[in-house]
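Novice: Spelled out from the first residue to the last, the chains are:
2 protein chains.
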Amino acid sequence: MSPTITAFAQSPDRGRGLARDMQVRWALEEVGQPYDVRLVSFSDMKETAHWALHPFGQIPTYQDGDLVLFESGAIVFHLAERHAGLLPDDANARARAIAWMFAALSSVEPPILELANARLLEGDKPWSKERLPLVVDRIRDRLKQLSNRLGDADWLDGEFSAGDLLMVGVLRRLSSSGLLDEYPNLAAYVARGEARPAFRRAFAAQLAVFTAASGG
Amino acid sequence: MSPTITAFAQSPDRGRGLARDMQVRWALEEVGQPYDVRLVSFSDMKETAHWALHPFGQIPTYQDGDLVLFESGAIVFHLAERHAGLLPDDANARARAIAWMFAALSSVEPPILELANARLLEGDKPWSKERLPLVVDRIRDRLKQLSNRLGDADWLDGEFSAGDLLMVGVLRRLSSSGLLDEYPNLAAYVARGEARPAFRRAFAAQLAVFTAASGG
Chain L
-13 MSPTITAFAQ SPDRGRGLAR DMQVRWALEE VGQPYDVRLV SFSDMKETAH
37 WALHPFGQIP TYQDGDLVLF ESGAIVFHLA ERHAGLLPDD ANARARAIAW
87 MFAALSSVEP PILELANARL LEGDKPWSKE RLPLVVDRIR DRLKQLSNRL
137 GDADWLDGEF SAGDLLMVGV LRRLSSSGLL DEYPNLAAYV ARGEARPAFR
187 RAFAAQLAVF TAASGG
Chain B
-13 MSPTITAFAQ SPDRGRGLAR DMQVRWALEE VGQPYDVRLV SFSDMKETAH
37 WALHPFGQIP TYQDGDLVLF ESGAIVFHLA ERHAGLLPDD ANARARAIAW
87 MFAALSSVEP PILELANARL LEGDKPWSKE RLPLVVDRIR DRLKQLSNRL
137 GDADWLDGEF SAGDLLMVGV LRRLSSSGLL DEYPNLAAYV ARGEARPAFR
187 RAFAAQLAVF TAASGG
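Listed in order, the protein sequences are those of chains L and B. Using my numbering, the letters of the first sequence correspond one by one to residues -13 to 202. Using my numbering, the letters of the second sequence correspond one by one to residues -13 to 202.
One or more of the hints may lead you astray.
Computed footprint of chain L on chain B, listed as stretches where at least three residues anywhere in the stretch have a Cβ under 8 Å from a Cβ of chain L [as the list claims (entries may be wrong)]: (1) 59 to 65; (2) 126 to 136; (3) 158 to 172.
Quick caveat, the hints were computed from the structure, so don't treat them as lab data. This structure is a prediction, so every number in the text was calculated from the model and none was measured. Cβ coordinates follow ideal geometry from the N, Cα and C atoms, glycine included.
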């Protein structure tokens, strides 16, 4: 039996791979684990059955036999722990790769989520225009630090790891903002992630859901 | 040799245990691992030597022999993996506890950080008074979901785990806001965490730094 993940039946990002199933699909492709996808509609996501799987009513969930998981970071970690290819064998290098997983989701993503909230939830507010540059500057602070640490390396700490997978996934949320272009090594880092065959397979799979849903 | 963590020489929270060394101290106490603390001043934190340890120039860092780690979530996980007491033995229960670790830091904390930013960085802005209730309502959405999931259980999934440790740590940021009181089971959950002997030892240790620094 393959594990089953959930994804949006109708992707709100129009197939740009910004929904959180993308990182899980990518990790599954990196480790060569076949998987099934159960698409959920927004009305499915209001049902008790969905909330039993996910305490915040979101996607993705991950089911493998008796195991039910939520949180894309935790699902990626679960896969990385059970398969070769996403975490180094050396104990210290492994711990550092895990640190980058947490860094992506708890230090780099929060200011990026603030920008998304500022646009989606407060874009019509009278303060929006004046406030947005402050939010963007808080992202710049973090990107500059990340850019300095990455330097001219290909990946954050040695070989590609689950830390890079999550970090590239977080940074991709900025693709349409132009902010990454201010840090050429970060833009190249994201492009390097997106060029991986496993990324491309995962991206195509989530895009196919959107294309089918929109009748394209 | 005991591991060494870094903490603020002068705690900006006046010893309330909201700096991110608190969760690491708590985890160290839970597993019975003695540790050393190196206090860093705000000027130390501007030095290249500190940035070599922490890519975002923050605390805590964790050093144990050749291993240097950052990100409090990753440090707690590192301790939980190497010592008994913070992750269940059963593989599925362990994966779920790790999911709660990620949930604390990537689903529950971000809206709470938004509120902190709204107060600290935008408290003097003309939109502050009108905007704060929107930010608070986004926290309420998440707290309600978490409260529903916790129900009348003591901990999020069976025995106390590193997931609870991080979740209690995140929720404690709301202690002064009164928001937790709207969800009595969450307030009781936080109190249950704070009553653990390991929490109390960790809290006392970080408070002693503040008391000594302030000459009290």
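Novice: Within the assertion that chain L covers the stretch 59 to 65 of chain B, do at least three residues meet a Cβ-to-Cβ distance smaller than 8 Å?
Specialist: holds (count 5)
Novice: Are at least 3 residues of the stretch 126 to 136 of chain B within less than 8 Å of chain L when you compare beta carbons?
Specialist: This one holds; 5 residues, not fewer than the three required, reach chain L with a Cβ under 8 Å.
Novice: Can you tell me if the stretch 158 to 172 of chain B counts as covered by chain L, using C-beta to C-beta distances under 8 Å and a minimum of three residues?
Specialist: violated (count 0)
Of the numbered hints given earlier, the model fails hint 3 alone.
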